[in-house]
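Protein chains: 2
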Amino acid sequence: MINEAQKRQLALNLHSIGALKFGEFTLKSGIVSPMYLDLRLFISYPKVLKSVAKLYAQQLANLQYDRLAGVAYAALPIAGAISLELDQPWIFMRKEGLKKEYGLQKAREGSYKKGETVVMIEDLVTRATSRLEAIPAIEDHGLVVKDAVVLLD
Amino acid sequence: MINEAQKRQLALNLHSIGALKFGEFTLKSGIVSPMYLDLRLFISYPKVLKSVAKLYAQQLANLQYDRLAGVAYAALPIAGAISLELDQPWIFMRKEGLKKEYGLQKAREGSYKKGETVVMIEDLVTRATSRLEAIPAIEDHGLVVKDAVVLLD
Chain L
1 MINEAQKRQL ALNLHSIGAL KFGEFTLKSG IVSPMYLDLR LFISYPKVLK
51 SVAKLYAQQL ANLQYDRLAG VAYAALPIAG AISLELDQPW IFMRKEGLKK
101 EYGLQKAREG SYKKGETVVM IEDLVTRATS RLEAIPAIED HGLVVKDAVV
151 LLD
Chain D
1 MINEAQKRQL ALNLHSIGAL KFGEFTLKSG IVSPMYLDLR LFISYPKVLK
51 SVAKLYAQQL ANLQYDRLAG VAYAALPIAG AISLELDQPW IFMRKEGLKK
101 EYGLQKAREG SYKKGETVVM IEDLVTRATS RLEAIPAIED HGLVVKDAVV
151 LLD
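Top to bottom, those sequences are chains L and D. Per the working numbering, the very first residue in the first sequence carries number 1; after that it's consecutive. Per the working numbering, the very first residue in the second sequence carries number 1; after that it's consecutive.
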């Protein structure tokens, strides 16, 4: 678990690079949130990304899983950084992979075996709609989504 | 520069995970190549990806640039790993960003200023066609593509 001091430091880091914004934001799910986390900025600040990866790693420490999973595009740099931090393999779902008409065999990248369990790497718990789209797409490949880890909830 | 011993070790590592295949492969450019490098497997082998990132880092050591650049999807995990290795920011071009009809403002991820120089992170020099597609898309954003670094040529 992330402790209070870590949360404060994280919020300061994210705010300093402009990734954490306060205000009134209507999320994809329709929920109005008092803050917005723009993960897209992480790739411009590798040091911040590395510290974020370490926080996710802490949360992943007590989970059992075969692979990490990220959904394109925003989660990819984060999932990649966590994978390097933990030396754990990951897979990713292409954006097109979330649409039924797209050939499933091309929907994901990374090798895996059927029945393996994955943990989804996500940004905010409020992105629940995105997750509801992604889970069936991942499970269509024979993988089992066991957990989802978010940075802030 | 990568020396001969490093090249041999790299080839062994890549071959052992099935990422480097020998045979006859017709590339996107129409060129028939005696080998094929499947970058998609890297995300399943974080240790190999880290060693590959170190080799790219060596090649980048003497170049002057503002950001690294990768084109979706194959180059993203590599560019991300190099960024963390070197503590250098990167940007990426979405796959849709290579198509003219797609809104340019959404074509790339990561912050940058106009006039900044980028180095493209690529897999093989033989992927020249992909590069020719990507360079105008990147330069349309006001960035200057100064160099391209490949793992094997």
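A portion of the hints provided could be inaccurate.
[To be verified] Taking beta-carbon pairs under 8 Å as the criterion, some of the chain D residues facing chain L (in silico):
#, residue
1, Tyr36
2, Arg40
3, Ile43
4, Pro46
5, Leu49
6, Ser51
7, Asp66
8, Ala81
9, Leu84
10, Asp87
11, Ile91
12, Arg94
13, Gly110
These aren't lab readings, by the way, just hints derived from the structure by calculation. Model, not experiment: these values are computed from the prediction. Glycine residues also receive a C-beta, built at the ideal position from the N, C-alpha and C atoms.
- Task: Please flag the earlier hints that this structure goes against, numbers listed from lowest up.
- Result: 1, 6, 7
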